[in-house]
Amino acid sequence: MKKLPFFLLVAALAAVLAVGLAACGGGSSTTGTSPSTSEGGSEGGGEAEGGGKEGGTLKGAYTSFPDYMDPQISYTAEGWTAMRPVYVPLLTYKAASEEEGAEIIPGLAKELPKVTNGGKTYTMFLREGLKYSNGEPIKAGDFKYAVERCFLTNSGGSPFYTDIVGAEQFSKTKKGGISGIKVNEKTGEIVINLEKPRGTFPNELALMFVAPIPQKTPAEDQSAHPIPASGPYYLTKSEPGRGWEYERNPYWAKDNGKQMTEIPSGHVDKIEIEVLRNQSTQVNDVESGKLNWIFDPPPTDRYQEVKEKFEGTQFRIEPTISTYYFWMNETQEPFNNQKVREAVNYAVDPAALERVYTGQIKGTQQILPPGMPGYEKIELFPHDVKKAKELIAESGVKDKEVTVWTDSESPNNDAGTYYQGVLNEIGLKAELKILNPDNYFTVIGNRSTPNLDTGFSDWFEDYPHPNDFFDILLNGESIQDTNNQNFSQTNVPALNEKIDKLAEEQLGPQQEKEYAELDKAFMEHAAWAPYGTRTLSLFVSENINLETAIWNPTFETELTSLEFKE
Amino acid sequence: MPPESEKQGTEAPIPTGTGALDAGLGIESDGARVVEAEAGDGRQAGGPWRIAGRRLRRNKVALFSLAIFFLIVICCLLAPVWANHVADTGPNTTHTLEKLHVNGEVREVVEPSGKAIGPQWFEAGGKFFLGADGHLGRDEMVRLLYGGRSSLFIGIVAALITTLLAVTLGLLSGYYGGLTDTFISRIMDVIWSFPVVLLGIALGIALAVGGLKLGPIHLKSSSLWIPTLIIGVVYTPYMARPLRGEILALREKEFIEAAVAQGASDRRIMFIELLPNLLSTIIVFFTLNIANNMLLEATLSYLGAGVQPPSSSWGTMISEGFDALYSQPILTIIPGTAILLTVLSVNVFGDGLRDALDPKSKVRFEARAGTAAEMDNPV
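Protein chains in written order, with my numbering: chain A, 1 to 566; chain B, 567 to 945.
Heads up, a few of these hints could be off.
Under the rule of at most 27 Å between Cα atoms (straight-line distance), these lysine-lysine pairs were calculated in the DSS-like manner [unchecked claim]: (1) A:LYS398 / B:LYS786; (2) B:LYS786 / A:LYS429; (3) A:LYS237 / A:LYS182; (4) A:LYS400 / A:LYS377; (5) B:LYS665 / A:LYS387; (6) A:LYS186 / A:LYS254; (7) A:LYS386 / B:LYS665; (8) A:LYS387 / A:LYS339; (9) B:LYS665 / A:LYS389; (10) A:LYS120 / A:LYS139; (11) A:LYS400 / B:LYS779.
Covered stretches of chain B (in silico footprint by chain A; criterion: 3 or more residues with CB under 8 Å from a CB of chain A, positions within the stretch not fixed) [said to hold, decoys possible]: (12) 775 to 787; (13) 871 to 885.
Residues on chain B that point at chain A, a partial pick, calculated with CB under 10 Å [unchecked claim]: (14) ASN658; (15) THR662; (16) LEU666; (17) VAL676; (18) PRO678; (19) SER679; (20) GLY680; (21) GLY703; (22) PHE888; (23) ASP889; (24) LEU891; (25) SER893; (26) GLN894.
Because the hints were derived from the structure by calculation, they are not lab data.
Since we're looking at a predicted model, the values are computed, not measured.
By construction, the Cβ of each residue, glycine as well, lies at the ideal position given by its N, Cα and C atoms.
Please model the entire structure based on the sequences and the hints provided.
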């Protein structure tokens, strides 16, 4: 008789504890939930904060496989969204929406870096007892290797780190290590010396490019061989072109997560992402619940339908920090004439392009997009075709042949067609060249490509710092023969100097004001004809809690924020 | 004055040539019999061409198809008339922010959501007869007519190019044989070894950036001649090889031996003796090639390797319409239907032509017409 009440007591205690633990889940502590999988995004586990459930398998889809599933090499939103829950840099961005999501917080580092030596030395300490998903300890030297691996793999992100002492040399020789990074494995101290102050360096330390990884990781693309994780999830499988899968990192709950409480642990036990080329099928699958989340927005054809049907319940429009623009090559006729560039700015109508983009852009006429520090709305060229024609007549370039470049991705191809029509309307003779999006930027980034006159481009922030829009895209010193991003080949010495000066300063109210002035100066120079900033969207299945889903301005959907409804 | 042997050559083919022409039509020894049989029916007797013409005239389906094809061609040729006098717009003119006044009602050509206006038929005086084409608000009817001009131009001119190349190469290869045959055949094999669409895409994309520069000839990447040449070239082996086979057989015939014995030059044998005997095959291939070329153009343009935007062709229109397949399927259905009708009419007519030129099919045709007596009672 005594045994029974004791057993019941134990069982009751266990039940209370289980419910209690589950209720405490949500944000930062999720342990012990066993994975459960079934068709179509299974739910299971306990309750999370905000009325969601812990556990289950989240099923998602991308239209294409990311460029790389390798933290040092990937340089796309696709890759960064996918790897955000897996690799944690020394510093990271808060898993939050809008401005809060631009806040830099310590990641694997104990605290934000101590900046000394006039902004040239950054000192940080690695947290103690951190482990990768394979059980190996995370070492201070892993950060140094991550930076070196950026150069060894010729990563597109390596230019962010060339100001580190010795990095320039290492990028050429690929030998001897980067002397400007000193690490102490015992204390976890990491000291980074820069050649000159760099105001954007904290932002760059928070990028995926320098997320520490084991030093035995080969210096080549590891997309098909997932690298051990430091974040709340690890990649169990990655098949380029087909998809990838995550499971909870067993060492996150035990070690890493306990220290990095600001980084969410995630709600689901497993995430399965497949590459599904047909975006309309993706929408159908989310509607039917076969998929729980899709990375790409619904196709333009179905955007309005999805918006009208699901906005507020399963669909949410999200802003991005981006600028869509037409560049004009200032080094050759006719766009070496400022009047012609001004004429184009007057002729391009952002309102028309809003329709071309089915309402997925918001018209702007400046370099910096809304939401970026330093943004102050300006509109120097109100739509006026008559004035544009007058300027073309004054400039004496009427009937000049120009080539308009764009990519074939809808609706960028339509934007190019619209732009060609505008140029013809104001008196130029425009020919359209539409390239495959896979090689579009490679072709227009190669200065030896003939007839690089004008065309479409866009830019999404790498990090929330206005320098990211000026230094690469408009600084004359950044013009390169290949992989060029300064498509307009703008090179105004006074403005270059201003960019360089601001780049060395930490961002503050004064700097933001100066960036706003810089924005205006470039628009007065009519370097581009900007026409909008893009909005994207979050679309989830009926059983996913939309309210708690986070859209970070840099990393877009925070996969760790997706949870099944109760 | 031509040498004696050539003078003889001009006369020599007459008796043999007729038989050879029959051979070309596949009726060889039966030729005279057919002529007599048809004369026996009380109809006008004639050569095999006249007989083929009569057979074709009896094939109402083929003639109806030809009429449809001509109707389509005429409509497309009148595209500028429709554009300038009815729709009052060009094929590439955008109307994104314009409004249309229909029966006192104001309609946006492109809604703020990006959805384009649907078919207006004659409500707006013929403007946007078939609606607008997606986000840019271009007149779909005008683009359809201009697109048809591009598609038909490519279909017909590419077929001419294919025919020209295939006949020349087939004649050289089949008549000379030996090293010439080996060289030409291997080149044909190389082209043949690539799937047509893949080869077309590869060439189309390669030429999409810089255009085509061949000596003094410079074609812009937007030129219609680029897809035309590509299609014309990639289909050449498909016509040249069968022609070569026929020539190999023909050159062993007595009339060729006779021409050679009479001292006819190679050029004369190829173009005066052999070529007329290939005409029926060439004509049938040519018509069927038009249909195939239009389909390949549509495929290449759909994949971005054919006609370059903003120029329209039915293929590019399908490609553009595909983006709005869910909300405005008409944008895909209209050019798709245009391709279907054109290709079907050309194919059906081509089949009719083959039936008319092929005595074996004549047997079937005559049997269907209840005039198979000649088969039962050969003369």
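Here is how each hint holds up against the structure:
The straight-line distance between the Cα atoms of A:LYS398 and B:LYS786 is roughly 21 Å, inside the 27 Å bound, and the hint therefore holds. Distance restraint check for B:LYS786 and A:LYS429: the Cα-Cα separation of roughly 14 Å lies within the 27 Å cut-off, and the hinted pair is therefore satisfied. Of the supplied pair hints, the one linking A:LYS237 and A:LYS182 is violated, its CA atoms being roughly 34 Å apart against a limit of 27 Å. With a C-alpha separation of about 33 Å, the suggested pair A:LYS400 and A:LYS377 falls outside the 27 Å cut-off, and the hint is violated.
For the hint linking B:LYS665 to A:LYS387, the alpha-carbon distance of about 23 Å falls within 27 Å, and the restraint holds. This hinted pair checks out: A:LYS186 and A:LYS254 have alpha carbons roughly 22 Å apart, not beyond 27 Å. Restraint check for A:LYS386 and B:LYS665: the C-alpha separation of about 20 Å stays at or below 27 Å, so the hint holds. Between the alpha carbons of A:LYS387 and A:LYS339 the distance comes to roughly 11 Å, so the proposed pair stays at or under 27 Å and holds.
Among the hinted pairs, B:LYS665 with A:LYS389 is consistent with the structure: their alpha-carbon atoms are about 23 Å apart, no more than 27 Å. With a C-alpha separation of about 23 Å, the suggested pair A:LYS120 and A:LYS139 falls inside the 27 Å cut-off, and the hint holds. Only pairs whose Cα atoms come within 27 Å are accepted, and A:LYS400 paired with B:LYS779 is accepted, the gap being roughly 22 Å. A stretch counts as covered by a chain when three or more of its residues have a beta carbon under 8 Å from one of that chain; for the region 775 to 787 of chain B and chain A the count is 4, and the coverage holds.
For the region 871 to 885 of chain B, the stated coverage by chain A holds: 3 residues have a C-beta nearer than 8 Å to a C-beta of that chain, and at least 3 were required. Against a cut-off of 10 Å between C-beta atoms, the interface hint on B:ASN658 holds, since the closest Cβ of chain A lies about 7 Å away. Look at B:THR662: its Cβ gets to within about 4 Å of chain A, closer than 10 Å, so that hint holds up. The beta carbon of B:LEU666 is not positioned within 10 Å of any beta carbon in chain A (closest approach about 15 Å), and the interface hint is therefore violated.
Because the beta carbon of B:VAL676 sits about 5 Å from the nearest beta carbon in chain A, less than 10 Å, this interface hint is met. At its closest, the beta carbon of B:PRO678 sits 6 Å from a beta carbon of chain A; the interface hint therefore holds under the 10 Å criterion. About 4 Å separates the beta-carbon of B:SER679 from the nearest beta-carbon of chain A, less than 10 Å, and the hint is met. Interface hint status for B:GLY680: upheld, as the beta-carbon distance to the closest one in chain A is roughly 3 Å, under 10 Å.
A least Cβ separation of about 8 Å between B:GLY703 and chain A falls short of the 10 Å threshold, and the interface hint therefore holds. Below 10 Å, beta-carbon pairs count as interface contacts, and B:PHE888 has one with chain A at about 9 Å; its hint therefore holds. Interface hint status for B:ASP889: upheld, as the beta-carbon distance to the closest one in chain A is roughly 5 Å, under 10 Å. The interface hint given for B:LEU891 holds, since its Cβ lies 6 Å from the closest Cβ of chain A, which is under the 10 Å cut-off.
With a least beta-carbon distance of about 5 Å to chain A, the hint placing B:SER893 at the interface is held under the 10 Å criterion. Hint status for B:GLN894: holds, given a least beta-carbon distance of 8 Å to chain A, under 10 Å.
Figure legend: structure checked against the earlier numbered hints; hints not met, in rising order: 3, 4, 16.
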